[in-house]
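Student: Given next are the chains, with one letter for each unit.
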Amino acid sequence: MEVLETIFNVSLIAAMLRTTTPILLVALGGTFTTKAGIFNIGLEGQMLLGAFFAVLGSLWTQSAWGGVAIGVLAAMCVALTFSFFVVTLRANEVVVGLALNILAGGLTITLTKAIFGTRGSIVSGDIVGLPRLHIPVIEDLGSLGKALGSFTPLIYLAFILVFVVWVIIYRTKLGLYIRVAGEKPAAAEALGIPTGLMQHIASLLCGVLAGLAGAHLSLGYITMFAENMSSGRGFMAVAVLIFSAGDPVKVLFGCLLFGFADALSLRLQTFGLSSYLVLTVPYLVTLGALFLLTYRQRPKIFRETAESLQLIRREKA
Amino acid sequence: MKAIIRNLTAGAALVGAMTAGITAASADTLKVAAISGYFSQGFGIAIVDGLKKAEKDFDVEVKIVDTGNRALDYEEQFNNIAKDGEYDLVFVMGWELVDALQKSNAAYPDQKFIFIDGILESETMTYIDFVEEEGSYLVGALTGQLTEKGVEGFNSGSQVGFIGGRDIPVIRNFLMGYEQGVDEQSEGVSVSSVFSGTFDDPAKGSELAMTLYGQGVDVIYQAAGPTGEGVLQAAKVADKYAVGVDIDQCPTAPGHILASMLKRADVAVYDVIKGEVDGSAPVKPGPVSYGVAAGGIEVKVCDEVKDKIPAEVMTKLEEVRAGIADGSISVTLNQ
Numbered sequence: 032m033e034v035l036e037t038i039f040n041v042s043l044i045a046a047m048l049r050t051t052t053p054i055l056l057v058a059l060g061g062t063f064t065t066k067a068g069i070f071n072i073g074l075e076g077q078m079l080l081g082a083f084f085a086v087l088g089s090l091w092t093q094s095a096w097g098g099v100a101i102g103v104l105a106a107m108c109v110a111l112t113f114s115f116f117v118v119t120l121r122a123n124e125v126v127v128g129l130a131l132n133i134l135a136g137g138l139t140i141t142l143t144k145a146i147f148g149t150r151g152s153i154v155s156g157d158i159v160g161l162p163r164l165h166i167p168v169i170e171d172l173g174s175l176g177k178a179l180g181s182f183t184p185l186i187y188l189a190f191i192l193v194f195v196v197w198v199i200i201y202r203t204k205l206g207l208y209i210r211v212a213g214e215k216p217a218a219a220e221a222l223g224i225p226t227g228l229m230q231h232i233a234s235l236l237c238g239v240l241a242g243l244a245g246a247h248l249s250l251g252y253i254t255m256f257a258e259n260m261s262s263g264r265g266f267m268a269v270a271v272l273i274f275s276a277g278d279p280v281k282v283l284f285g286c287l288l289f290g291f292a293d294a295l296s297l298r299l300q301t302f303g304l305s306s307y308l309v310l311t312v313p314y315l316v317t318l319g320a321l322f323l324l325t326y327r328q329r330p331k332i333f334r335e336t337a338e339s340l341q342l343i344r345r346e347k348a
Numbered sequence: 208m209k210a211i212i213r214n215l216t217a218g219a220a221l222v223g224a225m226t227a228g229i230t231a232a233s234a235d236t237l238k239v240a241a242i243s244g245y246f247s248q249g250f251g252i253a254i255v256d257g258l259k260k261a262e263k264d265f266d267v268e269v270k271i272v273d274t275g276n277r278a279l280d281y282e283e284q285f286n287n288i289a290k291d292g293e294y295d296l297v298f299v300m301g302w303e304l305v306d307a308l309q310k311s312n313a314a315y316p317d318q319k320f321i322f323i324d325g326i327l328e329s330e331t332m333t334y335i336d337f338v339e340e341e342g343s344y345l346v347g348a349l350t351g352q353l354t355e356k357g358v359e360g361f362n363s364g365s366q367v368g369f370i371g372g373r374d375i376p377v378i379r380n381f382l383m384g385y386e387q388g389v390d391e392q393s394e395g396v397s398v399s400s401v402f403s404g405t406f407d408d409p410a411k412g413s414e415l416a417m418t419l420y421g422q423g424v425d426v427i428y429q430a431a432g433p434t435g436e437g438v439l440q441a442a443k444v445a446d447k448y449a450v451g452v453d454i455d456q457c458p459t460a461p462g463h464i465l466a467s468m469l470k471r472a473d474v475a476v477y478d479v480i481k482g483e484v485d486g487s488a489p490v491k492p493g494p495v496s497y498g499v500a501a502g503g504i505e506v507k508v509c510d511e512v513k514d515k516i517p518a519e520v521m522t523k524l525e526e527v528r529a530g531i532a533d534g535s536i537s538v539t540l541n542q
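In order, the protein sequences belong to chains A and B. Residues 32 to 348 (the numbering used here) are what the first sequence spells out, left to right. Residues 208 to 542 (the numbering used here) are what the second sequence spells out, left to right.
One chain only, chain B, in its complex shape (with noise of 0.2 angstroms):
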């Protein structure tokens, strides 16, 4: 009997759930298209997990254009996306599109762009942005803290360490809520930070790990691209510890990622879709940020090195995210 009325309120939720659908339906179904050449590979697929997930919940449409590496036609394809209106949202990831993209966008400026990862200068366009700087203080805090309660792995110095692709602006942000979760969350510790100046360079990533490691470094951060998998390499090679970002890159040395700053890009696209359909949120040009408190950025601990971390640990990394989430933790950036 129990079974029954279970099954009953569930199905008065899918009749309600199929009204939902029909009236979005009967409105238009909301078309969306996303170009981009790394669709197969970390950061792409967490973008079409979010476009998967939404096409589930919504009545949306999606179409994915993979850009290959003819550069010399991102615009035209822009341009085919963009010329008949037939679609509701764009969204664009990968900096080598910029220049075609703001061109098509110049052509098209009724075309809702949506750039993710970054600002550009174009005033009609929206960009999801990730507020890295909130990510990086937490890695802070929990690097910070591991060090200056000595854990045993990370008791060699007083210093962690930071390696960045090269001293630009957007790593400066990595950088600096790095410094603050450090300082702010623990005592006695430092950080030491070096620039690779390049991000298509692994074997100088991991020499420069080396060096730090070298110097009594025991966990590193690195925001270096390419760059930055050699420092997780060389966490291997020299028994140590990095911190993985961007995605998931805790398989990368099993054991010794600490953890990774993820910027969840599934998050933030299944909610620009959910803003437009239920009309919480309508796509408008500017900037959207999805920091900590929106889950578009989380620090994950890697499952392998969990048990080494103090309980204490893990409740003051939670402490701090939900500081950080409720604005009693803010992070400045002084540029």
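Just chain A, with the same shape it has in the complex (with noise of 0.2 angstroms):
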């Protein structure tokens, strides 16, 4: 008893959180680009990119809101670029994505070096992070609250932006226009629905949460950058993506598994259990579990992007 008492507590709901939040921002922003047709896997380089110039940017402004700005605009030229290439241009959206994801671990590498002279991580006092809040009503509900009221304010939006996306995909106009361009390209040029612009909007807000996500990372989660700090982040996001189709609610559920598990496995490792083992635990639960999930489905998923591919192939014939 004692031992399940140490793992599952109310520190361990804390972390989830903390461990969700950043794949979350990072996967909401691929629901954009998922519902408009395009697989973009370019999301690890959007979010690393944003985490480089969120620091680089609280250093400048000696702001952290300021910090955040930048990262996200940073995030944003990358998915114009990316859109670029793979709307405007016609480019395999793999391709492109993958080549981004390298520039973007490159870039952060020769900046790091060429701005700071030093390599591997930025770590300065003058970086301003964002501030701990301290919601009251929250921090009275108990030992629970407590866990709950003071964490950095990207935390909470994260989990509001999950309604806020919601409701633009499936009750406004640019949503409806972003899901027609994804799945039915050919009834959406009938009606006059520019598919091509719908797709730049969809990367462009993709940018802007990997850039939230990225900022997150490095001035809320922690108060630096280091090389490659994404750590597959991005990836994750884009399996949990996969699975769920680009439905917000899903790629809730989805992140929150594995935050769940990725906070459960750090506490098991405190019982001896190999760490090469336990570090597998989250990536095999959250797999498994959105497989299990889409059992269904799955055909009807497979169909779809078939068709889609061929609707691809025959436009371009």
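Just so you know, these hints were derived from the structure itself, not from any lab. Glycine residues also receive a C-beta, built at the ideal position from the N, C-alpha and C atoms. Heads up, none of these hints are tricks.
If you want the footprint, here are the derived chain A segments under chain B, 3+ residues with CB under 8 angstroms:
#	segment
1	49-59
2	255-263
PhoX-like, lysine-lysine: derived pairs with alpha carbons at most 25 angstroms apart:
#	chain 1	residue 1	chain 2	residue 2
3	B	259	A	144
4	A	177	B	443
5	A	144	B	270
6	B	263	B	491
7	B	356	B	523
8	A	204	A	215
9	B	491	B	259
10	B	259	B	238
11	B	513	B	356
Work from the hints to combine the two standalone chains into their complex.
Tutor: Here is the structure:
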């Protein structure tokens, strides 16, 4: 019993929310591109550049929110480059996405060296991190409230954004257009909806959220930048997106599951289980669960993917 | 009058030094090159310090080569240095250079390459090997004592924490030394150890640290590169303690870093050059160990927290240090 108590307690929930947030933010960004029919494997790179420029911006402006803004802008630039190649020039989205990921990794290293003359990481007391909020209403809710009432702002924002993104995608004209552009481009064109523009907008919105995810990582979660600090979170988001077909609510559950498994696995290690084994748990759990959840829909997803691919091929021919 | 005498003796010493210098110069000036991508930070700065000191004290000419990020021409850079046999010693630091170094070493086996902070397979190179387990033992003695005595800030439980980058032999060395230090120098204290599985995810380091702190650990020793920086930051957020590694990390989170386990690259580099110059220890292939005794490893207790540490603990730490230095305490690796 005592063992269970040391694993399952209030701080586990707090840890789960912390580990969920970066992936949730970037995955929510990916819902837009997924809905617009773009397979966006470049999330990792957008996030990494967002993290880097957030730190840079924080140093320049001496303000955490200034840093967030610059991080978001940087990620949007990458997103725009991505959509320019993929939508306007019709380049292969996987190739472009991977190329931008590699570019982001190299660019941050080169810029770190050029600007700070160091390698590996940027750590400085001058980086202004996001403040910890203290929300009295939540904090008053006993020990659970204490654990949940003092996060950095982007954690709360991430969960609010799930709802916002859902509304945009399912309840606004823009969302409708984006979905039509992704699901039935031919129908969209027939209706006079500019599919290309919709895909550009979706990619830009994705950039905003990926930038937020990066900024959260380097100014909220911790206050520093390190080479490759996104550490595969963008790719994890891609996996969640594939199985959730870009539905924000399913994305939320996928990310929460991953966050929970991640936070749990960190605790399991203290019981002497091999780190190599334990560290694979979150990935296995998430993939397994998503696999089961989408078991019935998969023929449909496969069919739709095949159809859309054929459509593109026919258009090209 | 006294002043004059003192000046005279100083002058005599100076003349002595000059003649020594001249004899050395009449032999050959020792030419030393150092190559790495990290000369502008932490460990690299220490190397440069050691080289500069050697340049000042001996008849040594130093050339510093910054590799930059151009991974494609690492090998060419090594070959350029080695091909004329111009340099007597070439110091190398950085794991990303290992492949190129080994190729160049195979092509120019007579060039004396000295790899800093690690041992590679090649038998024709010299390796500066820091005995991290000795420093880790000292850290264990310090954190173990503080926890056993229930010093304020270290009294939440009977465990001290360790966070490693990956579960690999070199990080295991840190952990084994640390565990021995805790076991042998304190009673009723145990080590709770975890690995992040990655060296470049500070967010994960922070999360792991929060987990350990949440379980009643007050101080965490980390050996995890940038992941470890996240641990140091978590110490500040959680109002607990962490221990820095390799370089002086006390300024990262002042007041929350208990100490830093330093690898004194400056001491090691200076020492190697000195041995070569005065002939007391000419550079030869194989590993050269720099541990506590040689001054290559030391534990620096951060100034900001010094007043919180009881004098008896400091005394004990010094005793243990002396014990390791004279060999009465041996730190063993059972792999």
